[in-house]
Amino acid sequence: MNFLHIQCSRYARLRCAFVLILLLITGCVSPAPADMGRDPEAADMTDDHAEEDPAHADRLSELAALNLAAGELLQVVASTNIIADVVAQVGGERIDLFTLIPVGADPHSFEPAPRDLLALNEAHAIFINGLGLEEQIESIIDSLEGAGVVVSVNTGVETTEFDGAQSYDEEEEHQEGIHDEDAHDAGDDKHSHGGADPHTWFSIHAVEQWVDQIEHILSALDPANADIYATNAAAYLVELEALAEELEAIVAELPAEKRKLVTDHDSFGYFAAVYGFEVVGAVVPSVSTLASPSAGELARLQDQIEEEGVAAIFVGTTVTPDIVQQLATDAGVRVVILFTGSLSAEHGPAASYVDFMRYNMTAIVNALKE
Amino acid sequence: MPWLELLTEPLAYAFMTRSLLAAAMVGIIGPLLGSYLILRGMTFLGEALSHIVLPGVVLAYLLGWPLAVGALAVGVLAAIGVNALSNRSQIREDTAIGVILAGSFALGIAMISTVRSYAVDLSHILFGNILGVSISDLWLTFGLSLLVMLTVALFYKEFLVLAFDPDLAVVLRLPESFLRYLLSILIAVTIVTSLQTVGVALVLAMLVTPAAVAQLLTRRLPTMMLVAVGIGIFSNVSGLYISYYMNVASGPAMVLVATAIFGLVFLAAPGRGILWQRRPGRTATLPDPAAKAE
Chain R
1 MNFLHIQCSR YARLRCAFVL ILLLITGCVS PAPADMGRDP EAADMTDDHA
51 EEDPAHADRL SELAALNLAA GELLQVVAST NIIADVVAQV GGERIDLFTL
101 IPVGADPHSF EPAPRDLLAL NEAHAIFING LGLEEQIESI IDSLEGAGVV
151 VSVNTGVETT EFDGAQSYDE EEEHQEGIHD EDAHDAGDDK HSHGGADPHT
201 WFSIHAVEQW VDQIEHILSA LDPANADIYA TNAAAYLVEL EALAEELEAI
251 VAELPAEKRK LVTDHDSFGY FAAVYGFEVV GAVVPSVSTL ASPSAGELAR
301 LQDQIEEEGV AAIFVGTTVT PDIVQQLATD AGVRVVILFT GSLSAEHGPA
351 ASYVDFMRYN MTAIVNALKE
Chain H
1001 MPWLELLTEP LAYAFMTRSL LAAAMVGIIG PLLGSYLILR GMTFLGEALS
1051 HIVLPGVVLA YLLGWPLAVG ALAVGVLAAI GVNALSNRSQ IREDTAIGVI
1101 LAGSFALGIA MISTVRSYAV DLSHILFGNI LGVSISDLWL TFGLSLLVML
1151 TVALFYKEFL VLAFDPDLAV VLRLPESFLR YLLSILIAVT IVTSLQTVGV
1201 ALVLAMLVTP AAVAQLLTRR LPTMMLVAVG IGIFSNVSGL YISYYMNVAS
1251 GPAMVLVATA IFGLVFLAAP GRGILWQRRP GRTATLPDPA AKAE
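Here the protein sequences come in this chain order: R and H. The numbering of the first sequence is this note's numbering, which starts it at 1 and goes up by one. The numbering of the second sequence is this note's numbering, which starts it at 1001 and goes up by one.
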């Protein structure tokens, strides 16, 4: 009987899904205005070089204050729930926040449903990670009919290029290279085929820049509450500083020679750079979870794990390929589950960004300490 | 000796051994069933079934069953449905397949959207990766392959008649509709088995390509099946070695080898290849309409 009950509610949800799909189809058919008050080049704002783009700086300072009615909240959409948590810390009670990608979903493969499009179209501000993280969302955001401003929280954040597992050994080189447009254009192909690593939230420093960015946008759109946003942001920055110190203390327990990471996909580049880890390899050697490895790559990774004595493979909750489980069994190492692209559910161990970082660091140090 | 080492080196890795075994088994049953499939002109059923199973995968996930069980159940149901629809009414078989494919796939996507946070895991079976085959997957593949091979052995002649001349099957009083259902079900089983190992995009290549090559090279069904199975095993196994040595994702490597073989044979098959027919020295041996007219 219980089973039947589950079935019924499933069917109800299915019916709902069908109606929504019909909505989506009709939405697609109606012609999309080319650029409803939004610069088609708005994609620039998701670019990591945007800091140096004078046009971009103008656009941000041009952000006109909205005419919000008394008591009307700023409508804000955040793509990942990590961004949503940071936005919530700054916006507090003054914003109405909608999170696009649900808990546990993989931002690389998440595709929005019609209700998400409604929220996106009604939003005053849309915060995305950018840098290609939301692979299935960005084209939809580009074609929105709403007038909301789309902001990559990583605007101005220094990124590293992804270039296979070895890239993080050449950290400095990459960081210099990143702003060197000419070198890229000249076909510096060693660095050009990867693109920027989007997993910036593994650097607390980057998230501190997110906070400034978010405060700036919210204050520009809603100047009446600018003081509140500033106070919230300042308080959260203090919290992030404390977190940074706490993580340094945890990682100090792990001797440098044991700081070696094998992950499911290349998501720990920034983490490795900040805390002195070596990224030995990734099962899916791509910043995307949607790629697949060759047999040769997998064999070399197994060799490396055995040679370097790495004790564990770290996988995200959002990606669970059989390949990881099989590789770990063959190499005789543990699979440790981390939170990578998503926070945990509300009462889980990583329900906020601060808990997320603390949980991951503790899990990594504990797994590698033995 | 270096050749031998090239072949044995990957076997040092347990995952390569498992993958090679799975690849070989899929390389046997795919072309075996595929031979009937292309003789009967049913390749569209193969293509469709590989997508039709989606709602079964989702449902199995929701109920906590192994995903392959759901895929198998829906695949078999769809195979029966296609036959039932095209049997009793004026609907042609390809039309029935199209209707069921569209509805089933839409149902699967609608269901995924209700459990959207797990969409990745569910799509994973559709994009199965042969490098991630576990021991239990291997046993399942082995069991299902054995089932398929035994059934083909038992009903070999009946399927043969059905494939070449359905009307003769009626004359011979063979249980024609039972055999059609059985063949469709076997195809569904084969597809689900291959789905887990090579993924949805590549299943069709296992069924169609080796059998298509064999059709170009042989004239009798038994030899066609043998050649198809040989090509299936060869392209899957050598594809995995290529994936090992040349850093290409495994599934595509396997399919590309089969496709290359097809291309070569299509161009150069003795007597029937394009190049063969155009060679000036050979024209004399072929029936020449101009010569007859004289």
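Don't read these hints as lab results, they were simulated from the structure. C-beta atoms are modelled at their ideal positions from N, C-alpha and C, and glycine is treated no differently. It is possible that some hints are incorrect.
[What the hints assert, rightly or not] Partner residues are not named here, just some residues of chain R that face chain H (Cβ under 8 Å, in silico):
(1) Ser292
(2) Pro293
(3) Ser294
(4) Ala295
(5) Glu297
(6) Leu298
(7) Ala299
(8) Gln302
(9) Asp322
(10) Ile323
(11) Gln326
(12) Leu327
(13) Ala328
(14) Asp330
Now for the hints, and whether the structure bears them out:
{"no.": "1", "hint": "Ser292", "result": "holds, 5 Å"}
{"no.": "2", "hint": "Pro293", "result": "holds, 7 Å"}
{"no.": "3", "hint": "Ser294", "result": "holds, 5 Å"}
{"no.": "4", "hint": "Ala295", "result": "holds, 4 Å"}
{"no.": "5", "hint": "Glu297", "result": "holds, 6 Å"}
{"no.": "6", "hint": "Leu298", "result": "holds, 6 Å"}
{"no.": "7", "hint": "Ala299", "result": "holds, 5 Å"}
{"no.": "8", "hint": "Gln302", "result": "holds, 6 Å"}
{"no.": "9", "hint": "Asp322", "result": "holds, 3 Å"}
{"no.": "10", "hint": "Ile323", "result": "holds, 4 Å"}
{"no.": "11", "hint": "Gln326", "result": "holds, 5 Å"}
{"no.": "12", "hint": "Leu327", "result": "holds, 7 Å"}
{"no.": "13", "hint": "Ala328", "result": "violated, 11 Å"}
{"no.": "14", "hint": "Asp330", "result": "holds, 5 Å"}
Consistency note: the structure conflicts with earlier hint 13 alone.
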